[in-house]
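Turn these sequences into a full structure, and let the hints steer you where they fit.
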Amino acid sequence: MAKKWYDLFDVDTQSFVYGMQANAVQRMLDFDYVCGRKIPSVAAIINPSGRDGFHKAFFGGKEILVPVYKELKDAVKKHPEADVVVNFASFRSAYPTTMEALGYDSIKTVAVIAEGIPERRTKEIIAEAKKRKKTIIGPATVGGLKAGAFKIGNTGGMIDNIMESKLHRPGSVAYVSKSGGMSNELNNIIARNTDGVYEGIAIGGDRYPGSVFIDHILRYEANPEIKMIVLLGEVGGIDEYQVVEAIKSGKIKKPVVAWCIGTCAKMFKSEVQFGHAGALAGGELETADAKNKALKEAGAIVPDSFDEFDKKINETYNALVKKGVIKEKTEPEKPGMPMDYAWAVKMGMIRKPTNFISTISDDRGEELHYGDISITDVFKRNIGTGGVISQLWFKRQLPDYGHKFIEMVLQITADHGPAVSGAHNTIVAARAGKDLISSLVSGLLTIGPRFGGAIDGAAQMFSSAYDRGLTPSQFVDEQKKKGVNIQGIGHRVKSVQNPDMRVTLIKDYVKKHFKATPLLDYALEVEKLTTKKKNNLILNVDGCIGICFVDLLRSCGKFTREEADEYVSMGALNGLFVLGRSIGLMGHYLDQKRLKQGLYRHPWDDICYLTSSQ
Amino acid sequence: MAQRAIREYDGKQMMARLLKEYSNGKYVIENSFAQVTPGTDFKKLGEAHPWLLKEKLVVKPDQLIKRRGKSKLLLLNASFSDAEKWVKERMNKELTVQNTTGRLTHFIIEPFIPHKEEDEYYACIRSLRDGDEILFYHHGGMGVGDVDTKSEKLLVPVGSKTNQEEIKKILRNVPDERKELIAGFIHALFNFYSDLNYAYLEVNPFVVVKNRVVPLDLAAKLDDTGEFESSSKWGEIEFPAPFGRTFSREEEYIKELDSKTGASLKLTVLNPKGRVWTLVAGGGASVIYADTISDLGLGKELANYGEYSGDPSEEFTYQYAKTVLDLMTREKNPKGKILLIGGGIANFTDVANTFKGIVRALRESKEKLQENKVKIYVRRGGPNYQAGLKMMKDLGNTLGVPIEVYGPETHMTRIASMGLKGGK
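Same order as they appear, the protein sequences are chains P and E. Read in order, the letters of the first sequence are residues 1 to 614 in my numbering. Read in order, the letters of the second sequence are residues 1 to 424 in my numbering.
These aren't lab readings, by the way, just hints derived from the structure by calculation. Here the structure is a predicted model, which means the values were calculated and not measured. One or more hints might be untrue.
Claimed, not checked - Residues from chain P shown here face chain E by an in silico Cβ test under 8 Å; the list is partial:
(1) H79
(2) P80
(3) E81
(4) R92
(5) P96
(6) N154
(7) I261
(8) F268
(9) S270
(10) D304
C-beta atoms are modelled at their ideal positions from N, C-alpha and C, and glycine is treated no differently.
The structure is reproduced here in structure tokens:
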């Protein structure tokens with residue numbers, strides 16, 4: 001079906017949406033769907049700040065891919081059938097983008113949504129469009145729509161409102177309004193008082209709209225499908241007088257029901273500028289009262305107030321039906337429209353099982369929360385790193401000495417020189433040119449039963465023995481029978497005479513602050529026995545940390561016994577070592593990078609080659 | 001966001017700074033303009049502008065008042081001490097000019113330029129849809145009269161420039177020896193106007209004295225949407241409210257709220273004793289409600305004009321509603337009062353959400369609403385409007401004042417006519 005000169009849109013019209021306006025695109029596609037369109041009205045999206053690709057959107061119940069282009073020129077080349085640009089560019093870039101769009105032969109209509117484009121630039125756009133015989137809708141508008149065929153961007157509001165106003169199929173009434181905000185109301189008024197909207201355009205509230213009332217009304221006059229016209233004008237400017245003249249001269253013969261808003265301007269003590277840039281009377285002629293009067297005198301149907309606008313529209317329509325100008329059609333069946341998931345959830349109409357649960361933190365509200373503590377309170381209450389760890393790991397706050405103990409453990413386990421396996425691995429990885437995370441992880445992966453993992457093992461072993469009521473000597477004997485070393489006992493170099501300062505620091509702190517230390521006391525008894533056998537079988541740092549942590553969990557009053565045991569069995573104690581040692585491992589990584597160390601290759605003479613060939 | 005008038009002082013400063021650039025250095029406007037505001041210390045002013053003490057002066061209020069000469073708001077050929085005395089007699093005084101009452105707070109002082117009446121000319125450039133129009137008349141000043149009909153006009157179409165030869169064609173009645181000078185000046189003025197996002201620039205009069213052009217009086221409007229292109233050249237300017245437009249404490253408060261949110265909150269109190277108050281969503285709808293009340297012959301009872309739109313948060317809506325309710329319950333009226341909570345059909349705003357703030361404010365004002373015999377009418381449509389309207393209906397059962405609630409099936413302004421029935 002070839003478009004007539006008076007048609008800006010039809011059921012096959014395709015457009016480009018300029019700007020990554022996912023919601024507007026979806027609303028256009030939803031409209032397409034209820035109109036029963038075969039092809040989506042959005043041929044492509046232009047995303048100047050992105051890159052070429054596709055955008056996924058719904059077309060009814062099924063999903064489609066809408067092409068995305070960075071440049072309008074590429075889109076135009078690929079989609080010569082699209083002749084409308086819905087331009088969502090900001091007030092800064094609306095001018096260059098609209099001028100560009102007008103330059104392509106295939107583009108016939110540009111809707112400019114932005115508000116706040118300099119008037120000088122708008123005037124240049126208007127002149128360019130005029131030269132090229134193209135149509136501009138806007139600026140500063142929501143756009144417009146042709147019922148049952150095509151919708152610009154966000155016009156018409158939510159889909160249920162669109163259906164309520166019967167915009168999914170054409171009626172006989174076309175309107176043009178300055179206000180975009182009032183276009184929903186016009187759709188509603190017309191739907192309730194006539195057989196519905198045929199087309200509605202909101203030309204926008206600027207002083208210089210790209211197309212004016214008369215441009216659209218002349219199209220409506222020429223279109224035989226349209227039987228009556230509604231005009232909603234406004235105080236400010238003189239564009240309504242072109243309609244007055246056209247009615248007077250007989251150029252417009254169809255009934256025009258008209259009203260200009262802003263009659264209250266006379267109530268204001270000083271000059272008043274309403275919301276629209278153009279809504280200021282620059283003289284008597286520009287007042288709403290003068291325009292309403294002129295329209296009425298010319299022969300338009302003008303109510304005494306907006307309150308009778310609906311009545312006038314209804315009377316005019318009924319008269320046309322009576323005269324046989326309008327033949328009322330039977331209402332087609334209302335198409336179904338799948339409801340949007342987000343909206344259905346908001347309305348409480350549906351529910352869905354979740355795939356994840358999380359109970360430790362929440363980033364959705366006004367500010368980040370760690371459990372029930374806001375990030376502001378983390379600092380206000382000065383809970384420290386220990387407090388944060390406790391909150392995120394155990395979902396509770398410990399007594400202050402407990403938080404300090406956690407911090408102490410991190411400080412003590414932070415590093416143990418470059419020779420231990422974790423640091424060694426990190427250094428080798430760093431020197432192989434790997435990044436921080438890879439080098440760190442390479443070191444962390446050595447943590448286990450032989451390196452660092454003794455914290456956990458010691459805690460479990462000692463508490464099990466203690467809880468089973470074994471005396472220290474029974475415990476030592478039991479392990480001996482099993483042929484298993486007691487975890488947390490023994491050091492390579494440190495001994496009774498040469499104590500490990502780290503262990504001394506922890507013991508002193510724990511003795512001073514903890515409410516009770518049964519497990520530590522037990523371990524010290526065990527140590528007495530083992531050191532008798534061998535001087536270096538002392539309670540080592542891993543053992544001391546593990547055992548004291550169990551004492552903390554059990555005695556601080558914040559955990560039940562079951563909870564305390566569960567955290568130990570889940571490996572929380574190993575976590576302390578991993579966390580603390582990560583500090584040192586990253587230090588080693590940075591150290592190697594700072595020293596610009598090259599690839600490490602282990603020397604041959606340090607390896608005993610025992611291959612079969614030799 | 002629109003065409004907005006600027007002070008004569010700001011316009012002239014801009015001209016003194018930039019007209020040179022737009023005329024290849026040919027037209028130099030001396031920067032001898034001084035501004036007086038309530039806080040001005042005249043002694044310091046004299047030190048900052050030594051010419052004030054040497055020359056004879058002109059003093060005028062600078063508050064977008066038209067026809068100042070006719071209203072005797074003009075001091076000519078004065079010494080600095082005369083000027084000081086004249087200003088101090090008027091500063092902060094209330095004054096009625098052409099039916100508008102306001103307070104004088106801003107004055108401009110500039111050198112007095114002795115000249116003959118035939119040295120005065122009128123020039124104006126204004127923005128039209130098809131281009132920019134230059135208006136010229138070979139007399140100027142107070143008595144210039146209806147320039148729209150008698151001036152010579154030159155339309156410079158959009159996208160094109162003009163030149164001195166073209167401009168000379170509208171200078172037919174100017175003595176030959178001055179044509180070149182005046183055409184050059186108007187040309188410079190046009191370039192200045194069009195490059196700086198002016199929407200209106202009137203110089204009435206400018207005078208030609210000793211082969212030099214001096215603009216005596218200036219009225220101008222800038223297109224404030226051009227700010228992102230021109231603000232560096234505009235310098236520090238302000239867009240004053242029209243003369244006589246003062247803001248009450250509540251209006252100031254709403255302006256302040258408005259500036260804190262991306263949404264829009266507007267309030268103008270038209271008649272604090274009025275019986276009809278509005279709480280309307282949407283710019284267009286708010287005008288239409290005010291229109292309808294006025295058109296139904298109850299304009300005198302219309303207390304306020306205002307709107308909330310652009311999806312304000314519950315807190316902002318609450319503050320806004322609270323302010324209106326406070327204003328409307330200050331003085332009782334034996335006939336009672338009417339509150340219209342109106343609006344069209346929202347696009348995407350969740351109606352129930354915005355109503356929450358209003359409901360809270362209504363609940364808090366329960367006693368005052370009862371004492372003032374307030375009757376409430378609600379009409380609204382849009383997303384989730386059913387829940388919003390239900391909230392209002394439920395409130396009606398507990399608030400102790402009648403609330404009538406309507407949706408999109410009822411014509412938008414019908415609640416105005418319903419509410420006003422019997423009120424006439």
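Cross-check of the supplied hints:
{"no.": "1", "hint": "H79", "verdict": "violated, 28 Å"}
{"no.": "2", "hint": "P80", "verdict": "violated, 28 Å"}
{"no.": "3", "hint": "E81", "verdict": "violated, 29 Å"}
{"no.": "4", "hint": "R92", "verdict": "holds, 6 Å"}
{"no.": "5", "hint": "P96", "verdict": "violated, 12 Å"}
{"no.": "6", "hint": "N154", "verdict": "holds, 6 Å"}
{"no.": "7", "hint": "I261", "verdict": "holds, 5 Å"}
{"no.": "8", "hint": "F268", "verdict": "holds, 7 Å"}
{"no.": "9", "hint": "S270", "verdict": "holds, 4 Å"}
{"no.": "10", "hint": "D304", "verdict": "holds, 6 Å"}
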